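A.B. asks: Protein sequence lines, in the order shown, are assigned to chains X and H. My numbering numbers the first residue of the first sequence as 1 and each following residue consecutively. My numbering numbers the first residue of the second sequence as 1001 and each following residue consecutively.
Mixed in with the good hints there might be a few duds.
Claimed, not checked - Listed next, the stretches of chain X that the computed footprint assigns to chain H, with coverage defined by at least 3 CB atoms under 8 angstroms from CB atoms of chain H: (1) 37 to 43; (2) 69 to 77; (3) 173 to 183; (4) 191 to 198; (5) 223 to 230; (6) 241 to 255; (7) 298 to 311.
Unchecked claim - Not close to chain X: a few residues of chain H, all C-beta gaps over 12 angstroms, as computed: (8) Asp1095; (9) Ala1256; (10) Leu1301.
Think of the hints as simulated: they come from the structure by calculation, not from any bench. Source: prediction; values computed, not measured. Glycine residues also receive a C-beta, built at the ideal position from the N, C-alpha and C atoms.
Protein chains: 2
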Amino acid sequence: MELDLSVPAPELTARLVDIPSVSGSEGPLADAVAAALAALAHLEVHRDGNVIVARTAFGRPERVVLAGHIDTVPVHGNLPSRLDGSLLYGCGSCDMKAGVAVALRLAAQLTTAVRDVTYVFYDCEEVEAERNGLLRLSRTSPELLAGDFAVLLEPTGAVVEGGCQGTLRADVIATGERAHSARSWLGKNAIHAAGGILDVLRAYQPRQPEVDGLAYHEGLNAVGIGGGVAGNVIPDECVVSVNYRFAPDRSAEAAADHVREVFAGFDVLVTDVAAGARPGLRQAAAASFVAAVGGQPRAKLGWTDVARFDALGVPAVNYGPGDPQLAHTRDEHVGVGQIEECERVMLDWLQPD
Amino acid sequence: MELDLSVPAPELTARLVDIPSVSGSEGPLADAVAAALAALAHLEVHRDGNVIVARTAFGRPERVVLAGHIDTVPVHGNLPSRLDGSLLYGCGSCDMKAGVAVALRLAAQLTTAVRDVTYVFYDCEEVEAERNGLLRLSRTSPELLAGDFAVLLEPTGAVVEGGCQGTLRADVIATGERAHSARSWLGKNAIHAAGGILDVLRAYQPRQPEVDGLAYHEGLNAVGIGGGVAGNVIPDECVVSVNYRFAPDRSAEAAADHVREVFAGFDVLVTDVAAGARPGLRQAAAASFVAAVGGQPRAKLGWTDVARFDALGVPAVNYGPGDPQLAHTRDEHVGVGQIEECERVMLDWLQPD
C-alpha cells in the first residue's frame, strides 16, 4: 500500500482509515507511513518497530513535536471508510487518523518553517501502557522526542485541551468453591459473588473536580468480566477488569489506593496505570500555541500521551480534528471541515505569511 | 497404554484415573478399554468413535445393560491418582472411573451369567448433551442398547438412586452501548447491567419437590460469564451462562419457560436441555434390582443417562461406588471398600451361587 501525501487531508484520512491498524497489527500502516516520509528530502526518518520519527533540520531556535498514534480499537463493522456529505465515517477516523493525516500533510508541505518540527507516529496507544510505542521510544531514544513544546493531534474538536486524566486498570477478583452444579449448595458460586463487585460499580459516584481552572470528570467502569470452569461446575473464580479514569489532582498511587478501598473485601490486582497530567496551560510555550489557535481551552478527559511528554519535561497539549465523544464508538466519524481547519491553523502557526 | 482387567477393581480404578480423559480427549482411554475387551472371547465388541459396546450371547431370556461414561471434567491439579489409606484420590476417581472399573471387572469375570449383559462405555457425558456418545449411539445403533433393564454406574454411594433431575443451559444476555471509557457516561455498561442478572441468581429460591416418594432439590446457577471489548471501551454485551437443574416433575419445555420468566427483561437463549427422568422404581425390573442391592433408594440429583435409557424405553437406575457430592471437586475421591462392595453386589446378582 502506497500513501500519496499530495492529496487533501480529508482524502488522506480516508486512505489511512482503509488500512486497518488495530493495536498490535499496525505493520502495514507503519510501512506505508515510513515509505511516504522517506520520500521527502527535508526529513530525516527513523524507524523503531512500528514507531516512525521524522525530523526537520531547518536550524531554528525552537523545535515543536507533532505526535499521533496510528493504532485503533477493534473494528466494529465500521470499515471501510464512508463519506456521507461532509462527514467521514470509519474505525479510527476520529481517533485519530484525521490527526495523523494532518501531521502527514504538514510533513509533506513544510519544506521550511519558523520552527523545526519532529513528527512522531507510534503504535499501541489503545492498549495497556507497557506496549505503548511512544513509551518505548522515550526509554530507548529519548533524544528523538526532545523539543520545546509538543502537540498531540488527538481529537479535541479543534479546541486546545489541557492536561489529561490518568487511567488505571485492575482485576477485581471474587472467589468461591467448586462443586457439581447439580448440588450447587455444596459449593460457593464465585460469579454470584462477583455481583458484589457489580453492586459497587453500579452505586459508584464519580468525582468531578476542577483542576487549574479546568473541569474534569472521573469514571470507574468494568471493561471486562470472565469466569466459569465448565457447564456443570460451580465456578470458584470470577475476575472483573475495571478501568478507573482519574483527574490529574490525584496521583497514580492515590488512584490505586482509592480502587483498593472501593473494592475492600475483594482481591484487587492493579495491572496497568498511567498518571494524568495537570493542564499546564500557564507555561509560555503552551500559551503561545493557545493564542495562535484562539478559543477557550478545555480539560482533556481521555488519557493521552501529553502525560508521557509531561514526564519527559516537554510541555504538551492536545489539539486535533474530531469530536472526542465519538472515539471508540461504532458510529465514529470526523468532519471534513475540522480536518481542513486544523491543517490550516497549524500551517499558519508554523509558516506564517 | 494397556489395561490389565485381572487386577482388583480399586487398582484398576487407579489405572483408569491415570489415563486422563477430559471430555473431548477420551481417545487414549477408549483405545485401552477397547483393546482389553477385545481380548475377551465371550464378548462381541463394537466401537463407534470413542463409544465401546461389548455384549454377551449367553442365550438368557433377560438382558441387562451396564453403562458408564469414560470422560471427566477438567483436571484441577488432581492427577495422578493417589491412594491415602482406603481412599483413592484423583480427577474422575469418583465420577466415574470407579464405576467403569467395576463394569470392566464384571466383563472380565462373567464368562457366564443368569442374564445376558451389554457393557457400554461412552464419551462426552460431562459436556453439552449434543456431544454425548450415548445419545449418538441411541440414534445410530439403538439395537446395541436394547435391554430389559439398565444400571448406570454413576456414583451413588452404593445406594440405588432413582430418576434424575433435568438440566438446562441458557445464555442470559445484558446489552448496553459502547463508548470510550474516559467518557463512560456517554455509553451504557453491559457488564454493570449484568448485575441485574446476578441479582436474580443471588435471590433465587430453588424448589425442593417430592416426586414419586423421592425428594429432589433444584438449583439455578451461573456457570460462566463473559464480556468486554477492550481495556478502554465501555462494553455493549455481557453474557451470563446459567445452568438450571430441575426436578423430574417439570418437563424440558416447562423448565425453559421458567428460566425465561425468571430472567424477564433480558434476552434468554436456551443452548442445551436434557429432560430428567421420574424415579420409576415401581417398575418390576427396577424393583428386582433394588431388592438385590437392599437398602433405601434415594432421588438422583445430578442428570444422568438414566433419562436417555428412559427415553429409549429401557427402565434404568443409578448405582455405583463413590459419594456423588465429591464429583467435580478438586478433592474428588472414592472409597476402596465401596468399589469392592459394588463389584460383589453385581457379581452376586448376575451370577448367584
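A.B. asks: Count the residues of the stretch 173 to 183 of chain X whose Cβ falls closer than 8 angstroms to any Cβ of chain H, and tell me whether that reaches three.
C.D. replies: holds (count 6)
A.B. asks: Are 3 or more residues of the stretch 37 to 43 of chain X near chain H, judged by a Cβ distance of less than 8 angstroms?
C.D. replies: Result for this restraint: violated, n = 0.
A.B. asks: Closer than 8 angstroms, Cβ to Cβ, for at least three residues: run that test on the stretch 69 to 77 of chain X against chain H and report holds or violated.
C.D. replies: holds (count 3)
A.B. asks: Within the assertion that chain H covers the stretch 223 to 230 of chain X, do at least three residues meet a Cβ-to-Cβ distance smaller than 8 angstroms?
C.D. replies: Our answer is that it holds, as 8 residues pass the Cβ test (under 8 angstroms) against chain H, meeting three.
A.B. asks: Verify the coverage statement for the stretch 191 to 198 of chain X against chain H, using a C-beta to C-beta distance below 8 angstroms and requiring 3 or more qualifying residues.
C.D. replies: Our answer is that it holds, as 5 residues pass the Cβ test (under 8 angstroms) against chain H, meeting three.
A.B. asks: Far enough from chain X: is every CB of that chain over 12 angstroms from the CB of Asp1095 of chain H?
C.D. replies: violated (8 angstroms)
A.B. asks: How about the stretch 241 to 255 of chain X: do at least three of its residues have a C-beta closer than 8 angstroms to a C-beta of chain H?
C.D. replies: holds (count 3)
A.B. asks: Confirm or reject the statement that Ala1256 of chain H sits farther than 12 angstroms, beta carbon to beta carbon, from all of chain X.
C.D. replies: The assertion about Ala1256 of chain H holds, with a minimum of 16 angstroms to chain X.
A.B. asks: Do at least three Cβ atoms from the stretch 298 to 311 of chain X come closer than 8 angstroms to Cβ atoms of chain H?
C.D. replies: holds (count 3)
A.B. asks: Leu1301 of chain H: least C-beta distance to chain X exceeds 12 angstroms?
C.D. replies: violated (5 angstroms)
Comparing the model with each earlier hint shows violations of hints 1, 8, 10; every other hint is respected.
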